[in-house]
Each structure stands twice: as C-alpha cells, then as structure tokens.
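> Residue-level listing of the chains:
Number of protein chains: 4
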Amino acid sequence: MPLTPEQLAEIAAARATPRPTLRAVSEGMEAHLYRAHPVLDHGFVRVIDYMGDDAAIVQAARVSYGAGTRHVQNDEGLIRYLMRHWHSTPFEMCEIKLHVKLPVFVARQWIRHRTANVNEYSARYSILDREFYIPAPENLAAQSTVNNQGRGAVLEGAEAARVLEILKSDANRAYDHYEDMLSQARPDGTPQQGLARELARMNLPASIYTQWYWKVDLHNLFHFLRLRADPHAQYEIRVYAETIAACVADWVPLAWAAFQDYRLGGATLSGKALACLRRMLAGEAVTQETSGMSKGEWREFEAVLAPAAVGP
Amino acid sequence: MPLTPEQLAEIAAARATPRPTLRAVSEGMEAHLYRAHPVLDHGFVRVIDYMGDDAAIVQAARVSYGAGTRHVQNDEGLIRYLMRHWHSTPFEMCEIKLHVKLPVFVARQWIRHRTANVNEYSARYSILDREFYIPAPENLAAQSTVNNQGRGAVLEGAEAARVLEILKSDANRAYDHYEDMLSQARPDGTPQQGLARELARMNLPASIYTQWYWKVDLHNLFHFLRLRADPHAQYEIRVYAETIAACVADWVPLAWAAFQDYRLGGATLSGKALACLRRMLAGEAVTQETSGMSKGEWREFEAVLAPAAVGP
Amino acid sequence: MPLTPEQLAEIAAARATPRPTLRAVSEGMEAHLYRAHPVLDHGFVRVIDYMGDDAAIVQAARVSYGAGTRHVQNDEGLIRYLMRHWHSTPFEMCEIKLHVKLPVFVARQWIRHRTANVNEYSARYSILDREFYIPAPENLAAQSTVNNQGRGAVLEGAEAARVLEILKSDANRAYDHYEDMLSQARPDGTPQQGLARELARMNLPASIYTQWYWKVDLHNLFHFLRLRADPHAQYEIRVYAETIAACVADWVPLAWAAFQDYRLGGATLSGKALACLRRMLAGEAVTQETSGMSKGEWREFEAVLAPAAVGP
Amino acid sequence: MPLTPEQLAEIAAARATPRPTLRAVSEGMEAHLYRAHPVLDHGFVRVIDYMGDDAAIVQAARVSYGAGTRHVQNDEGLIRYLMRHWHSTPFEMCEIKLHVKLPVFVARQWIRHRTANVNEYSARYSILDREFYIPAPENLAAQSTVNNQGRGAVLEGAEAARVLEILKSDANRAYDHYEDMLSQARPDGTPQQGLARELARMNLPASIYTQWYWKVDLHNLFHFLRLRADPHAQYEIRVYAETIAACVADWVPLAWAAFQDYRLGGATLSGKALACLRRMLAGEAVTQETSGMSKGEWREFEAVLAPAAVGP
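Heads up: the sequence lines are chains S, D, A and F, in that order.
Take the first sequence: its position 223, counted from the start at 1, is 223 in this note's numbering, and no numbers get skipped.
Here this note's numbering = 1-based position in the second sequence + 1000.
Here this note's numbering = 1-based position in the third sequence + 2000.
Here this note's numbering = 1-based position in the fourth sequence + 3000.
Just to be clear, a hint being listed does not mean it is correct.
Listed next, the in silico EDC-like pairs over lysine to aspartate or glutamate satisfying Cα-Cα at most 16 Å (straight line) [said to hold, decoys possible]: (1) D:K1168 to D:E1131; (2) S:K168 to F:D3176; (3) S:K272 to S:E302; (4) S:K168 to F:D3180; (5) D:K1168 to A:D2176; (6) F:K3272 to F:E3297; (7) F:K3295 to D:E1076; (8) S:K272 to S:E289; (9) F:K3168 to S:D176; (10) A:K2168 to D:D1176; (11) A:K2272 to A:E2302; (12) S:K168 to S:E131; (13) D:K1295 to F:E3076; (14) F:K3168 to F:E3131; (15) F:K3272 to F:E3302; (16) A:K2168 to A:D2041; (17) D:K1272 to D:E1297; (18) D:K1272 to D:E1289; (19) A:K2168 to A:E2131; (20) D:K1272 to D:E1300; (21) F:K3272 to F:E3300; (22) D:K1168 to A:D2180; (23) A:K2295 to S:E76; (24) F:K3272 to F:E3289; (25) A:K2272 to A:E2297; (26) A:K2168 to D:D1180; (27) S:K295 to A:E2076; (28) F:K3168 to S:D180.
Stretches of chain F that chain D covers, calculated by requiring three or more beta carbons in the stretch to come under 8 Å of a beta carbon on chain D [as the list claims (entries may be wrong)]: (29) 3258-3265; (30) 3292-3303.
Since the hints were made in silico from the structure, they are not lab data.
Model, not experiment: these values are computed from the prediction.
Even glycine gets a Cβ: it sits at the ideal position worked out from N, Cα and C.
Start from the sequences, fold in the hints, and give me the full structure.
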C-alpha cells in the first residue's frame, strides 16, 4: 500500500469537511476526491480537483452556437453531436487536477502530452523514496517477435525469476549507493561532504517512482486516454489511463459515453479502405491483392471488420 | 444594463442553490459567481467557475519541491518566492472560467492570448443582437501626436458630437441592413430568400458586441493582466482587465499581492540601465548622453525612477 | 489584382536572388516562394518561408524510433504508417510561414487555431486600406433551410443586386467616415483633432481586409486543412485552405498523399456504425430503425458508404 | 568523441552539398549546420535546420505595425524596442531545429518547456547504447548548505573517487543486466525468450544518454535560455544552453544582443525594490530593516546593485 497512516489520515480529514459552493458539482466525482486509487505496485491516481460537468459542456457550446441550438433535443444529443463533428472547444471547458505517483519511465511517456500543467516532485531539492516498480510475474513479457514496439508471451519460470532478481537487486544497490553518496558520513562513520542531490539522483534507475500534480482539460484528457488506454499502449501506462478513465466515467457520464462510441470503440478508415468497403457491400470479394492497400493496412482493415474487434 | 429580466432571474436562481463540495473553496470568489460585472456600455464579465485557491498553489509547489519546503515559514512567503523566481507552474494549477460580453475589436486583441480555451457565440449559426459600443464622451480621444499607437487629448465638443453621430448612425444603418438581408421578406413585404447568416454578418462593424466563454489558468491570466491592465493598453480592453483583476484579488489574495508587487508595480531594467544605476548610486550624475541608452530607453528609465512612477 | 507595381517589383527582386544553403530544400516549394496566390477579390496567400521536406519527416521519425525502422522499406511507407497511426510529432518537424491577406470575418475563424504564430497588421498603429470583400454573384447564397450553419441556393437576380448594393455602399460609407474621423481637417477644411486610430477602426465592417504573417507546423496545418478545406467549412475560408493545400502538395508530396488518403478521403466510424457494418457485410439489411443510431448519425453513415461519397 | 566515423562521414557529406534557395539565409548559422558541438562527456548539440534571421523578425513586425514603423531608423532599433516592450510575436517567426544527445536526467528538466516539438529516440522500439554521463572531477560537487536546490564545494579526493567508482560500476552493471535480460541467450548460452525492450529499459539509470530532435521558435528558445543559461540552473543543462546560445548569437546577432541586454544582463525589480531605490537615489541609507523586504529579497536586491553583478 503506497500511503502512510499519516497520509491516509490527511485524506480522511480532507474528505470529512464538505463546504458549500455555487459552482457546478459532479456527485460522481465528489466520491473520488482525494482518494488514492492504487496502480501498479506502489503507484496511485488521486483526483485533487475538477471543474465542470456534462451540463458545463452544453452550457459552453450554447454560447458558442447561440439559442438556436435548443432544437437539439437534449444534452446527450448535443454532446454526441459535438463529439461526432470534432467540436473540441466545449470539452475544453471541463478541467481535472490529479496527483499521480508513477515510475519514471512511465512519466517520460506521459509528459509527451504537452497541453497540460505539471508540478513534479523535485529530486534536485528533495530526496526520493526507496520505491521501485517491480512487475508482477504475469506482466513480465518477452519482446514481441512481430512488433518491434510491443510485448509477446509471458516469460517462463526460471527466466522470469532471474529478471525479477536483477531488477530488484540493481534497484536496491542503486538506492543504497544513492543514500551513501548523499550522506555526510561514510558507512563506517567517517565524515564526508555528501554529493549534491541533483547529481546523486542520476544513479537511480527509471523504475523508481516519482510523483506529480497534473492538470488537463477534458478534450486533451480524451486525447491522452485514446492513445494510452489503447491496447497498443505499454501496459504500465495503460493501467493509469484505465484508472483515470473510470473516474471520468463517473464525472461526465454523457461525454464519456460519446467518447467510448466515437473514439475508443470507433475506427478511422482511409479513402482506400472506404472504397473497398463499398465494393464489398456491393457483393464483391475483395482481397489484399485487389484492395490497393499494403499488407499492414489490410491486416488492420480486417481487424476493424472482424466480429470480435471491439470489446464488451 | 445589459441583462434581461429573464437572464437576471437565471443568475439569481443559480446563486440561490449552494451545494456541498469537498473541493477547495474560495469564499471571495463564491461571492462573484455568475454575477454580471458591467463593463463599457453593454459589456460584462461573469465568473462562471474556478478551480483552486492560494492554498492550492502551495500544495502543488510542495509536491514539486518536496517536504523540504516546510522551512519557508508560511504560504505567503512561498508564494512570493515562486513569483519572484518565475516558478510559473504552481500558478497554472488554478483555473478560472469567465463569460464575457465585449465588442468585436476588443475580442480581436484578447484572442491573441492563445493559451486559453474559448467558445464564442457563432454568427454563422445565430443572429447577433443590435448592441454596439459607443464611447462615453470622456473616452473619445484624439490620436496621440507622440505615440503612433495611443491616444491624446479628449475630443472637443463639436468634433466629439460629429464622431458620436457617425458611429451611431453607421452602426444602426449596418444593423438595419443586416436584418433586411437576412429577412425572408423585403421591407415592403415582398418575399425573398434571405441571405446566409455567415455572409450577412460581414456588414456589421467591429463595434458590435459578441460574447464568449473564456477559460484560463492563473499564470496565463496574470500574463494577460500584466499586458492588458497596463496603462499603455487600449482603454476598452483595460477596463475588462481591471474588472477581472478585482475578482482575482478576491479569489487568491496572496498570489494577487505578490503579482502586484513583482509584476504590476515592478519593472525590468536592462543591463545598461543597471550599469547606470550603479554609477548613480556611487554618486555620479548620469545623463542620457553618458548612459549608453537611446533617447527612448532613457525616457523610460527616468520614468521608472521618478517618485510618482507607481500608483497607489 | 491586390498588389501594387512596387510590391510586385519587391517580389520579383526577392525571387531573383537565390543563395546557397546547406539546409533541406524543397524544389516544389521554392517555386512558390513570395509569389501571391490570389484568393477572393482582394486577398492572397504568399509562402514566405518553409523548413523541412518529406525526408525531414522521416529523419525525425528515425531518431524517434531508432535504426530499427530501416525495415520499413521506403520513406513513403514510413510516412503512411506515421499518418495511419496518429504519430504526429514527425510532421511537427516541418514548418511553414505564410503572408495572408484576408477579410476580418475570415481572420476571426482562422485565429481559433491556436497552435500557430501570428503577426497581424495593427489598426491601432496604422491606417487600413479601402478594400472590402464583395462576394461574386455565384457565391451570394441564401441561408440553408436544413442547416442552421450553412448556405442554400444562390440568391436570384433582384435580391442579389440589392445585397451587393448594400454591402458596397455600407462599406464605402463606413470607410469615408473612417477617413473623416481620422482626418485633422473636416471635409470643409475646418481643422479638427482627428480621432485616435484605435477608436476609428471600430466603424469598419468585418468585410474589410486585414493581413498577417502566420507560421505553423505541418501537423497543425493538416489539422487546419482538415477542418477548413472540408465541404462544410464556410466558402470564404475554404478557398484559402485550398490555396494553401496546393502549396503543401508541392512542398511535401508524400505527406500530402498520406493526408489525402487517411484524413481528407477517410472517415471515422463510431462503434455503433462498425457494428452495423459487420451486420451488413454478413448479409443483413440494416435500417436506421434497427441501427441504434439517431437519424442524423444514420444519414452521415449512409453518406460515407455511398458510391459518390469521395470526390476525384 | 561521441560520433562514429560513419556519422562523421554523413555530416561531412551533408555539409558538402549546398543548394540554391530563395529563402532568408543566415551565413552565421550555415557554418553550424549539422556539425556536432560536444557537450559533457558523450553529448552534443547539432543544428539541423533553421528558419529566418534578424531581418525576418523585422519583416514580421512591420506587417504587424504597418509601414508607419519606417521611422524606427533601423532593424537594430526596432528589435531592441520589441524586446524591451515584450512584443514576443515577431521573435516567434524564427524557428530552429536541433539534434541533441543528452543524459536522461537533463532531458527530464528540458522537456518541461512545453512549447516545442520533440521526437525522442524510442527505448520501446530500439536498444540504447552503453553511454553514461560520468562527471568530470571538477563538476563533482557537494550539496549546497545554503540552498536546498544547489551545489556547494567540489568533492575532495577520496570521496570524489568513491563517487565516480559507484557511478561507473552501477551504470555498467545495469547495462550488462540490460543486455542480459534482452538477450535470447543466457550468458552460458542457454536459450531464453528475452525481456521486452519496453521493460528492460527501466533498469537503466538516469545518467544514460538519450537523443532527440527538438524544434522551437526563437521567443520560446530565449525563454529556455533565460532559465537554463542562468547561474542557478544545474550545470549539466547549463552547458547545453550555453552551446545553443553560441549558435543563436551567430544566427540572429541583433536579437541576441537585445536579449543579452534586456534579459540575461537585466533584472526585474519589485515595487518594493523600486521604492527603496528611489529613496537611495534621494540620499537615504536604506537597510533591510527599513526596506520592507524579507531577508531573501534584500539579499537578491543587493546582488543586483553590486558592481560585479553582471558578468563580462
């Protein structure tokens, strides 16, 4: 469990004191506030604050489009329309702030999403904790043989054991040495100056945990979720995306449902793919050879049309 | 007064129903929520939502810098430190959403601030109201004779009257013609097709009012205020900036005070100016000729050092 | 023709003096540099500068993915792969700078694309020219009766003539008054102060031309083109998008071809739409009633599958 | 030396083939193109491409401000004016693209500058090289005793030797294990599956080198340089900033000189500091106690006024 009793007490205290507000309130999100949703072995996602709800999306869109929009019968219809037609600005009117604890190699992928605000714990200023990500055995996967950028089968017994042993012992040795270099006394008690934190940290592996505050609007969060909750995303960032997604579903249920239908469950087809589709619907048996598509494109096209392509 | 009785009733209703939340609450900002602060003759600024308060800035910064920051004795000291040292990310952790009604020529300046979210009322989709900005006589200024980009003296009687008459009659004629072109009947009752809204709007002058939802983080809002609440900003956008500034002062009073001291009331001096200053403090009488500065720079330097340079 | 002989001479001079460079050079783009491509009645698009070419996209991607990517046989394949899988960062490595002259109401749509750099001609500082967009008769369309945000049939004779007369006379009167208010003498020669430029400009209609420098990376430009070269975009901005698109096709022909296939000629289908498609391919006759889609979604779905959906 | 003979040959080839262009050319920058400027023990900065020069800044500003600006006598004066008055958009009209090789802990600081384009070498896709940053002895500093976020004295003999030994041996062991885990054979030749690259990389320390393409406009680059070429920046990122700064000085010498005077060599004084300054210039002996400033602010204020505050 990643939190100390003191931290749990602080969270409980923060949750014990509701205050009145005139702002839009999402009951679904209030239930999440401050609570640590565990992710991986030491990580978590905590919702610290949010702005807006489904109605706030509609409210912003109606300024944008004027009173005339009343003919879209209800909020759900308008939200689906906005999502379908890539009207992104109303979704930008909702905002969320998270506190996330995550391994450094995950943080390095995450930060590529630039349209967000970040405050990260500083290892120049402070000393990091001895916490490293060590994969559960079922997540210890071999390199994929078909995809340079993916995983294959789970590692088997002896190899898995060796890998875990390496990861653990290297991480612990690195941390021992980190402490040793920082210390103003050598292990034998001899006084020493102590290396600067900003230098000592460079001995720590990318499996060490860091933490940050991350604030983003709903449109850019959807973009993040589309890429990072995708089956092709690395498992270790996907579990963060899935945890956030579950919070979003409680926060803005209508926007989430539209996002699921049009983005997560949808697919973009190329002009070539659409041309094939029209031939197929007209009864023609199209093959990769007659499709005009490369083998890779054809494989992906077939996957989209396969009955099991979209999960439950 | 820019609001209809129906709109005022909607605002009163929104303000009548507080709900409990576990989020950070700024009492100062709750008092502003939804209320229309009048600006110019038909404009307003309304706070629709906000995220965070002074404590949220500190909270984000302390993740960033770790537990070690506790030695900064209090929130005020830390906030001043962050502002002084250009640590902008903690200020980005606060967010505000405004509903603004403003003339189009003001909107065109405003939108240059790109790091914000905007939903504007659409004149492709809806019909604009007959509302134009007509300056009060004391704001009807002549072109500056010393600054290509500024105002000089207030226009005198007959000229002011002529200008106001031109602005009013041109605006009204343009709007009459706008309605006429849109209508499905000519003034004499003859049926006609009616011009597309997206075309008819181009006949309207830049003095017409538009409205939008505008959402921005506190760091970028401070940047906006620094440029637009400045005495060199055009009066018509400055009054919006001042109205927003008054809300910010109630929302995050510590951050606002630091911003006032370090940005609004401060000044940036060049290397040349600092060199002069050191000579002056050492007793030398420095003149523009011996300063190494151009005449324009020297004039600005003298203004910074003049006793009355900073207002109350 | 929007350019004066002096301006044409400046362009000719700029084009007459090639200089050696070690940078990536796109022959296709060199042919466009500085030349004014006319748009609408007084507008233009000029390419002022560019950075990168198709090879630069590949070069950046290969740093990103390492030497392993050599197995993607050629640049075209890699560029198509990047486009298909939404790997946007390599496309951001190309940049273009344009000089655009455009009506203000077009500029107001354009500026919503925030991830770009802009320098606009300042009407606070300078005096605008007497140039207004007056639509050609074939572009003078009625309001659509089915789409609040679109155009219907072309206006017929007498109505078209009235509209054109209104647009022209209002624009000219507004400009006469603009000059009059700015002037330091009344029409009868009486001296006057002259209204500040920053105020006088508000009398001018949205049909007046402005101009700006606009700089954007290729990824964000593609996003702009997808929305603004779309048949649903307003005609007056679409013609700018099409003019820019023709330059892009000469600049980065491989990226442009991929963009055409995967974005302009492609379509995004929702989860519901994909489910219908699978049923249809299995031989079922699906109707709107049995599709689970709203009428609007079904209509758009049918349009995507219709033989003529994608142009030549 | 960080480059292989093959890489050096590629650079020489790229530099051997100038081509004609009609674009703005900066002779100063042409001399840098493609060349690797060494930084730290294995890093480098290479200029891959650039857009614009000093004249391009002026050109964009003059569209922005119209022909009226001709009275600013020359480009230098206008560029200094723009810099002094925070007119940032003309500087955004220049763009630079760099190829940088840098330790991961430096990359993590660097990426906080979000307004830039990045393509990083992917350790999911490819295998990293065995290259780690090992500080030179003179850069092996103790933790500062007065600044939580800084360095103090250089480590002395035995301690320095121990630290270097730890950094080297831990890095090499981590890399040995990285190779071992990736391999499809154990050290004794027994076949194994080989761990996925995206997992194995997490065993590598933050001292390992990565590389990326980084593209940024001149305004945002100046912001980066102001923060990262500052004496308070960590040494290991400062040397990159200084290397880039030297290229910028050759690229846009007028803009660079203005940046040096107004930003690097200048200082921002608070309202309180300006008030003290006026009292001091009037002959009063102001102390921290009578200044209204905190001890920290006063110390910084004194440093600004000290004769040696600005370097040569």
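> Does each hint hold? Answer for all of them.
Checked hints:
1. D:K1168 to D:E1131: Holds, at roughly 10 Å.
2. S:K168 to F:D3176: holds (15 Å)
3. S:K272 to S:E302: At roughly 13 Å apart (the allowed maximum being 16 Å), S:E302 and S:K272 satisfy the hint.
4. S:K168 to F:D3180: holds (15 Å)
5. D:K1168 to A:D2176: Judged against 16 Å, a Cα distance of about 15 Å means the pair holds.
6. F:K3272 to F:E3297: At roughly 10 Å apart (the allowed maximum being 16 Å), F:E3297 and F:K3272 satisfy the hint.
7. F:K3295 to D:E1076: Between F:K3295 and D:E1076 the Cα gap is close to 14 Å, so the pair holds against 16 Å.
8. S:K272 to S:E289: holds (13 Å)
9. F:K3168 to S:D176: This hinted pair holds, its Cα atoms lying about 15 Å apart.
10. A:K2168 to D:D1176: Distance of about 15 Å is within 16 Å: holds.
11. A:K2272 to A:E2302: holds (13 Å)
12. S:K168 to S:E131: holds (10 Å)
13. D:K1295 to F:E3076: holds (14 Å)
14. F:K3168 to F:E3131: With a Cα-Cα distance of about 10 Å, the restraint between F:K3168 and F:E3131 holds, given a limit of 16 Å.
15. F:K3272 to F:E3302: holds (13 Å)
16. A:K2168 to A:D2041: The hint holds at about 13 Å.
17. D:K1272 to D:E1297: holds (10 Å)
18. D:K1272 to D:E1289: Measuring from Cα to Cα gives roughly 13 Å; hence the hint holds.
19. A:K2168 to A:E2131: Roughly 10 Å separates the two Cα atoms, so the pair holds.
20. D:K1272 to D:E1300: holds (13 Å)
21. F:K3272 to F:E3300: holds (13 Å)
22. D:K1168 to A:D2180: holds (15 Å)
23. A:K2295 to S:E76: Measuring from Cα to Cα gives roughly 14 Å; hence the hint holds.
24. F:K3272 to F:E3289: This hinted pair holds, its Cα atoms lying about 13 Å apart.
25. A:K2272 to A:E2297: holds (10 Å)
26. A:K2168 to D:D1180: Holds, at about 15 Å.
27. S:K295 to A:E2076: holds (14 Å)
28. F:K3168 to S:D180: holds (15 Å)
29. 3258-3265: Holds, because 5 residues of the region 3258-3265 of chain F bring their Cβ atoms closer than 8 Å to Cβ atoms of chain D.
30. 3292-3303: Check passed, 4 qualifying residues.
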